[in-house]
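> Chain by chain, the residues:
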Amino acid sequence: MKKKRFTFMMMLLVVLTIVVTACSTKSQSDDHKEEKTDLLQDIKEGGTIKIGLMGTYQPYNFLNENKEMDGYDVDVAKELANRMGVEVEFVAQEFSGMIAGLQTEKFDAVISQMTITDERKEQMDFTEPYIKNNVKVIVQEDNTSITSKEDFVGKEIGVGLGTNDETYLRTVVLPEVGEFNIRTYDDVITTLKDLDAGRIDATINNLYAIKPVIEKNGYKIKAVGDAIKSDFAGVAIRKGNETLLKELDKHLAEMKEDGTLSEIHVKWFGEEPQF
Amino acid sequence: MDLVWSNMPFLLKGAYYTLLITIVSMFFGSIIAVFVAIARLKGNWLIRWIARAYVSIIRGTPTLVQIIIVYYGLVDYGLKLEPLMAAYIALSISIGAYLSETLRGAIQAIPKGQYEAAYASGMTPFQTMTRIILPQAIRIAIPPAGNTFIGMLKETSLVSVITVTELLRQAQLLIAQYYVYMPFYLAIAVMYWIMSTVFAILLERLEKRLSKYE
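Chains as they are written, first to last, in my numbering: chain A, 724 to 998; chain B, 1303 to 1516.
One should not assume that every hint holds.
No farther apart than 25 Å at their CA atoms in a straight line, the calculated lysine to any residue pairs in the SDA-like style are these [stated by the list, open to error]: (1) Lys726(A) - Glu1506(B); (2) Lys934(A) - Leu786(A); (3) Lys939(A) - Glu1506(B).
Listed next, with one range per pair, are the computed distances between beta-carbon atoms [what the hints assert, rightly or not]: (4) Thr827(A) - Asp1378(B): 34 to 40 Å; (5) Lys726(A) - Ile1352(B): 49 to 55 Å; (6) Glu1384(B) - Glu788(A): 55 to 61 Å; (7) Phe998(A) - Ala1491(B): 40 to 46 Å.
Hints listed in this document are in silico derivations from the structure and should not be mistaken for laboratory results. We put the CB at the ideal spot given by N, CA and C, even for glycine.
Produce the complete structure using the sequences and hints provided.
The following block contains the structure:
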């Protein structure tokens, strides 16, 4: 009996060692594959560009009544694809797996309110910004105790998993303001639902995102205080595809010049873009 | 790799919640299983039907859907549960359905002679069940039940969607921070495996102890 257990433990140890060594060798290999063919060319030849987005983030990217992807991001994507002369195919992806999806070529670009941050720039390339978001604190309608991020101390704060808001809360607000509990959700809808239900005390997001849920779902939430930060979101693509990046930037610049971007912005948010 | 080691306390906290949820769900699930199994065997028409419906619905729907309904869906009807509580309830109900079938099979495997001898000695049905039948049935039920328990250990990863910071969620949080995937996912796979193996060893011991008198 003792011998059997000993052998078993040894086997466990051996397997563990193998896994550990395999782990360390893999993490040393570089992620960046050299694209043998040009991605931009592939897209133009194939006639479709695959865009990854959440599909659960009103009014930026969501499914409308006709079960089609709709929203600011979607309109921007369609316009870009149009100018490139290709069709657009949308791939729904939870935000926490968005970067992984991009790197594993599940899609060619991400147009899903992905904020441009320095850490992300190490993993992928961004175009120039296509939107500016002002992030505010959001609480329940009848909450008067939280008016700014300083009031987060000791509370439950919800945020999306893997978003730069989560990083912001953990690395900037937490040390600055004091201890509070961060609860992570897979998408905005569940975050706001839990806020409405009172299971979290506050979340941070921008005004545009809460208007539709207040209007359609009747959530009793409101934004308080001034904007705590402004984010710029860009189109994200894998590193090593400069031609695609240039092409996207060119069309974005054109859209800003001839007023198309303005048009889309006003259509969804009722105001001109401020950048 | 050093990333994994330096964040090991964080991951171990997740493992703690995984074990906690597993054990609590196992406990309450077992209690539910005993009642449901006996209900299906010895109840009247209505009780039997309710038990059958329960087993059918819970086995027939994905556990993830059940968890989401308990946490998010019930809010619409006014029932708001904290994540951990919702996890306990959803998983106990889920495991109860599967275990009840295992237990029912085990009870049915006990020869009729046992019942007859017990009644002949003057025991009531309740005494028969608790003193004679169930102890023997539990021994028969351990291998399949062990399966269910070890499965449940890994099913706890589903409650990550209702913000419970169990092992999988902890890994996801670290990945969002460090942007590397394989080291963390491999690490938690190994941790799940270690926990499952320990469970399996404990269950083996339990079975040996219960078969002492065979």
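> The hint says 40 to 46 Å between Phe998(A) and Ala1491(B); measuring C-beta to C-beta, is that right?
For Ala1491(B) against Phe998(A), whose Cβ atoms are near 44 Å apart, the range 40 to 46 Å holds.
> Taken at face value, is the distance from the CA of Leu786(A) to the CA of Lys934(A) at most 25 Å?
With a Cα-Cα distance of about 16 Å, the restraint between Lys934(A) and Leu786(A) holds, given a limit of 25 Å.
> Does the Cβ distance between Lys726(A) and Ile1352(B) fall inside 49 to 55 Å?
Taking Cβ atoms as reference, Lys726(A) and Ile1352(B) lie about 51 Å apart, which means the hint holds.
> Can the suggested window of 55 to 61 Å be confirmed for the beta-carbon pair Glu1384(B) and Glu788(A)?
violated (34 Å)
> Within 34 to 40 Å or not, the Cβ separation of Thr827(A) and Asp1378(B)?
holds (37 Å)
> Are the Cα atoms of Lys939(A) and Glu1506(B) separated by 25 Å or less?
Not satisfied, since the Cα-Cα distance of roughly 55 Å exceeds 25 Å.
> For the pair supplied as a hint, Lys726(A) and Glu1506(B), is the alpha-carbon distance within the 25 Å limit?
holds (16 Å)
Hint compliance for this structure: hints 3, 6 are not met, and every other hint is.
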